[in-house]
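Start from the sequences and build out the full structure, keeping to the hints where you can.
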Amino acid sequence: MLNKTVEGLSRAGGEFVNGSDERGLTWPEARDLVRFAVRRLGEERLPQVAGSLTFTTTLAMVPLLTIVLAIFTMFPAFGQVREMIDAWFVQNLMPKAIASTISGNLTQFADKAKGLSALGAVALLFTTAATMSLIERVFNQIWSVRQPRPLPQRLLVYWALLTLGPLLFGLSISFTSQLVDVTGGLERDASLLGTLFFTLASVAVTTAGYTLLYVVVPNRMVAWRDAFWGALAAAIAFEIAKRGFGLFIRQFPTYAIIYGALAALPLFLVWIYVTWMITLVGAVLTAALPVVKHERWWYQPAPGGAFVDAMSVLKVLYGSARLSGNALVAGSTIRDHTRIGYDEMGRLLDRMVAEGWVGRVQDEAPARVGWHFHRRGSQENWVLLADPASLRLADVYRLFVFDCAAAETMQREDGVADTPLALDVGDLARQVEEAVEAGLDQTLAAHFGDPEVAVMADIEARAAN
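If you count the sequence shown from 1, you need to add 1 to reach the numbering used here.
No wet-lab data here; the hints were simulated from the structure.
Mixed in with the good hints, there may be bad ones.
Unchecked claim - Beta-carbon label-pair distances, calculated as ranges: (1) I237 <-> V384: 43 to 49 Å; (2) T444 <-> F403: 45 to 51 Å; (3) V384 <-> V39: 38 to 44 Å; (4) A446 <-> R361: 20 to 26 Å; (5) V362 <-> A242: 44 to 50 Å; (6) R251 <-> R297: 35 to 41 Å; (7) V402 <-> E44: 21 to 27 Å; (8) F56 <-> S391: 55 to 61 Å; (9) L197 <-> V384: 27 to 33 Å; (10) H448 <-> A209: 49 to 55 Å; (11) R32 <-> I241: 20 to 26 Å; (12) E44 <-> G326: 41 to 47 Å; (13) P302 <-> V384: 24 to 30 Å.
Even glycine gets a Cβ: it sits at the ideal position worked out from N, Cα and C.
Next up, the structure:
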């Protein structure tokens with residue numbers, strides 16, 4: 002009975018990797034989400050990143066449009082899609098005051114690009130791939146991804162986006178156009194109701210696009226539910242920005258007076274920047290949701306913190322194996338009991354694997370996708386290989402805080418200044434070693450004690466409350 006209770010408690014966080022459970026955010030967590038997202042915006046310097054993406058997007062827009070139009074011409078069924086895209090571009094993607102000018106110029110540039118040589122076509126593809134690679138790198142940075150996709154997989158993803166993306170987009174535009182034709186009387190009969198309907202439709206389409214972007218681009222499994230809420234926030238902000246930007250252009254025609262016929266260019270650059278900022282803010286919210294719900298979002302690294310976190314991880318590995326009888330412990334179980342961040346935990350476990358204390362076991366399982374999560378096809382499990390009766394706290398301290406032998410080796414290699422004020426690193430290291438041996442000579446098994454006793458006490462405390 003006890004084992005079943007403990008096993009249920011250990012599964013409380015689910016078996017999701019960097020995902021979220023079915024509960025939503027509480028009001029305090031919602032406030033924490035905003036605070037954490039603002040902090041992440043500053044830490045990742047996303048306003049500057051948005052500027053870089055604006056420049057890159059401006060250079061790559063004509064190559065991208067050229068490839069999209071070339072794909073459309075390969076399928077006769079999409080013969081009218083180009084006109085639909087122009088109409089959609091004018092009505093939805095940008096403020097109407099500059100959309101027509103920009104759309105016409107981009108289409109004209111793309112038509113001229115069709116006459117390029119083979120070398121020019123390769124240059125177009127390279128520019129497009131470089132842009133997509135930059136976008137992927139930015140998203141991986143937001144999600145703190147340490148390992149990017151392998152190059153063949155990245156190229157395959159880019160190729161799929163370049164080929165399937167325009168076709169799916171064309172189908173969506175065609176469907177939207179037919180919907181507008183069918184409901185055309187709605188807007189004529191009731192302007193307010195019609196405006197509301199098409200605004201909601203625009204937000205829905207934008208939300209779907211952002212959701213796919215946040216799920217597919219980062220090299221990490223992202224919960225569909227988290228991606229949806231981040232995408233919805235971005236879509237609403239995009240709609241508000243579009244209307245606000247259009248109002249600004251109409252009410253303050255300063256750019257038209259100063260730049261004349263070129264007024265659309267600076268406005269276009271500003272709009273691309275605003276769009277990228279909204280996109281990145283939505284990505285930050287999506288990445289922050291599981292952190293706020295499951296991790297120590299407030300945590301700042303402190304001296305000795307790695308030692309405490311490592312001991313927390315080792316206790317979960319030791320206790321779970323003793324309680325359940327199964328040496329394999331899912332990474333999500335460790336995170337649920339410690340609230341250590343996904344990437345922090347990965348760095349700790351990697352160092353333990355290198356020392357031979359912990360082993361990684363890949364649990365191959367069919368990939369399944371649901372509303373509340375996007376589950377990995379293979380789940381990382383961990384097993385404690387070191388003997389808890391012989392591994393001491395001093396060993397953990399040396400690995401994560403201060404390695405006396407390494408300090409002495411560094412002194413011998415670097416040398417010491419021959420002056421009375423030079424620090425004798427070797428003597429200091431020996432004193433620290435003596436203190437560590439005296440104070441942390443306890444084994445893990447002795448320090449952690451019997452986990453069943455601790456769990457029973459916790460159950461009794463819960464029952465008393």
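Cross-check of the supplied hints:
1. I237 <-> V384: 43 to 49 Å: Taking Cβ atoms as reference, I237 and V384 lie about 46 Å apart, which means the hint holds.
2. T444 <-> F403: 45 to 51 Å: violated (20 Å)
3. V384 <-> V39: 38 to 44 Å: Holds: the Cβ-Cβ distance is about 39 Å, inside 38 to 44 Å.
4. A446 <-> R361: 20 to 26 Å: holds (23 Å)
5. V362 <-> A242: 44 to 50 Å: Roughly 47 Å apart at Cβ, these two residues keep to the hinted range, so it holds.
6. R251 <-> R297: 35 to 41 Å: At roughly 48 Å between Cβ atoms, R297 and R251 fall outside 35 to 41 Å, so the hint is violated.
7. V402 <-> E44: 21 to 27 Å: Once the Cβ atoms are compared, 25 Å apart, the range 21 to 27 Å for E44 and V402 holds.
8. F56 <-> S391: 55 to 61 Å: holds (58 Å)
9. L197 <-> V384: 27 to 33 Å: violated (57 Å)
10. H448 <-> A209: 49 to 55 Å: holds (52 Å)
11. R32 <-> I241: 20 to 26 Å: Holds - the Cβ-Cβ distance for R32 and I241, about 22 Å, lies within 20 to 26 Å.
12. E44 <-> G326: 41 to 47 Å: holds (42 Å)
13. P302 <-> V384: 24 to 30 Å: For V384 against P302, whose Cβ atoms are near 27 Å apart, the range 24 to 30 Å holds.
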